[in-house]
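Trainee: Each chain, written out:
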Amino acid sequence: MKMMTAIIKPFKLDDVREALQQIGINGMTVEEVKGYGRQKGHTELYRGAEYQVEFQPKVKIQIGISDHQVDAAIEAVCAAANTGKIGDGKIFITPLEQSIRIRTGETGEEAL
Amino acid sequence: MCRATTRTSIVTRQVKVCLLAALMVASTGASADEINGADTAWILTSTALVLFMTIPGLSLFYAGLVRVKNVLSVLMQCFALTCLMSVVWFAVGYTIAFGSEGVEQGRYIGDFGNVFFGAMTRDSVKGTIPASLFAIFQMTFAIITPALIAGAFAERMRFSAMLIFSALWLVVVYSPVCHWVWGGGWLGAMGLQDFAGGTVVHITAGVAAVVVALFMGPRKGFGTVAMPPHNLTITVAGAGMLWVGWFGFNAGSALGANNTAAMAMLVTHLSAACGALAWMTMEWVRHGKPSVLGIVTGMVAGLGTITPASGSVGPAAAVVIGLSAGVICYFATTFLKNAMKIDDSLDVFPVHGVGGILGTLLVGVFASTQLGIFSGHGFSAGIDSIGGQLAVQATGVVATFVYSGIMTFIILKLVNLMVGLRVDGDSETQGLDLVLHDERGYDL
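Top to bottom, those sequences are chains A and B. Counted from 1, the first sequence has number 98 at position 98 by the numbering used here; the numbering is strictly sequential. Counted from 1, the second sequence has number 398 at position 398 by the numbering used here; the numbering is strictly sequential.
Just chain A, same shape as in the assembly (with noise of 0.2 Å):
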């Protein structure tokens, strides 16, 4: 089982998790997070007060996963989430231990 993270721009939310659920993954946990990478911050002016704003809004999205089905997820985020500009955001893999679902004590790939 691995952990899925993956970091990209709010208006892809939808067609990322579209993209998930065409290739049965039914499920994952969404933040809205800042950050900054390559993509800089932008300026905002307030009648004349200039403001550099460092950080960007992003949303994060975190999904367990079977081994098996980790290429075809990574596919399917890198294809949803892309605009091709800077700041479309990155993808983490780690390895996941254990998962137990709560309500009926299944666990490991069955509680995924």
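Quick caveat, the hints were computed from the structure, so don't treat them as lab data. Heads up, some of the hints might be wrong.
[To be verified] Here are some chain B residues pointing at chain A (derived, C-beta under 10 Å):
id : residue
1  : GLY113
2  : GLY223
3  : ALA226
4  : PRO228
5  : THR233
6  : LEU293
7  : THR297
8  : THR333
9  : ILE342
10 : LEU346
11 : PRO350
Note that beta-carbon positions come from the ideal geometry of N, C-alpha and C, so glycine has one too.
The hints should help you fit chain B onto chain A, whose structure is shown.
Mentor: This is chain B only, laid out in the frame that chain A set:
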């Protein structure tokens, strides 16, 4: 030589003004008990419109511009000022400004016959409307003027200090200046044309704002920490309410339902529109994008600037006044903030003060009946040139500017000794909503 000529003409003018005033007193005396239903209906409506400017108009306009931790403190200041200024106006403000009916008014201050509205009955008449209606119409002006200043000390003033300062300011600054211009005092007698409050409202408040900002010093982190508006949506809503309410402010200042009121409304609207377009264009050209805050600020500048002129000028002049308001107030705002580093937090001076000065001076030009399409309704009695009217307008500007500046400083000094003007540093960081009111604006 030039100066000598001006002096002689002032003397002859004063004689003429006295004669005219005597005639006017005689004529109003004859029709003293005539209440006109149409006039009364319009001023009743206008009174509601002007109150609507402060709550909720100005309150929302200001509240959106501060940080989220101070939103309630600003709403609270505007609301509490509405209540307190009403009572102060009832107690002494009105009588200092307008005195009582049938009593000859002094040059600098009204007679004290109307302390606690003592001479006010249901049957009292002022012009063609009930005196009680005149009193509450003017009360709404006395409410919004100190509320305007609240923009300068936003996010750092103690609530108690704010109440004491504003009450004293209304008595010491607003009420006397109101008397000078509208209550039978020296500026009005001199022929100053200030239809709805360029000097009385916008210059007094604007100058007080910059003095407060200098006296109290900037907010913690001003210039280094980002302090963007927390909710421009409510700022735009408030701005719209100000525009609508301003119809009562300016067209209501005709004190009747007549041609002057109608023209005042037309020029007010045009100036607001042109001020908004001018500011928007300035930002678009200089920064690449037209901003929402820019267009609404330009609107307020256009409205503040046409205010003194709204009873004196025609529609084409209103367009010029609005456009110049948008451009000049834009530069004033940038200059005060970035070059002078003065933290007049919500830009009260560059928008209202500068607008008030500009509008009051431009009356001297556009009141002229000799400007073709840009003509206005004529100079004051005894004045026959742009130079003559401009001199009177400039006198009004300088007098109200200096008086408000000095008196505001003295009041601040006094209140600072009494209770302290500023909250401490930790409270300022935490935000006034929690520290002063134990409440939060949003629980989303």
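Trainee: Hint by hint, say whether it matches the structure.
Mentor: So, going through the hints one by one against the coordinates:
Look at B/GLY113: its Cβ only gets to about 45 Å from chain A, farther than 10 Å, so that hint breaks. Against a cut-off of 10 Å between C-beta atoms, the interface hint on B/GLY223 holds, since the closest Cβ of chain A lies about 9 Å away. Here the hint on B/ALA226 is kept, as its CB sits about 4 Å from the closest CB of chain A, short of 10 Å. The beta carbon of B/PRO228 comes within 6 Å of a beta carbon in chain A, closer than 10 Å, and the hint placing it at the interface holds.
At a threshold of 10 Å, the smallest CB-CB gap from B/THR233 to chain A is about 14 Å, leaving the interface hint violated. For B/LEU293, the suggested interface contact is upheld, since its CB lies about 6 Å from the closest CB of chain A, less than 10 Å. Residue-level restraint check for B/THR297 holds (minimum Cβ-Cβ distance to chain A is 6 Å; threshold 10 Å). For B/THR333, the shortest C-beta to C-beta distance to chain A is roughly 5 Å, which falls under 10 Å, so the interface hint holds.
Hint on B/ILE342 is violated. Least Cβ distance to chain A is approximately 12 Å, over the 10 Å limit. A hinted interface residue such as B/LEU346 counts as satisfied when its beta carbon comes closer than 10 Å to some beta carbon of chain A; here the least separation is about 9 Å, so the hint holds. With a least beta-carbon distance of about 9 Å to chain A, the hint placing B/PRO350 at the interface is held under the 10 Å criterion.
Hint check: violations occur at hints 1, 5 and 9; the rest are consistent with the structure.
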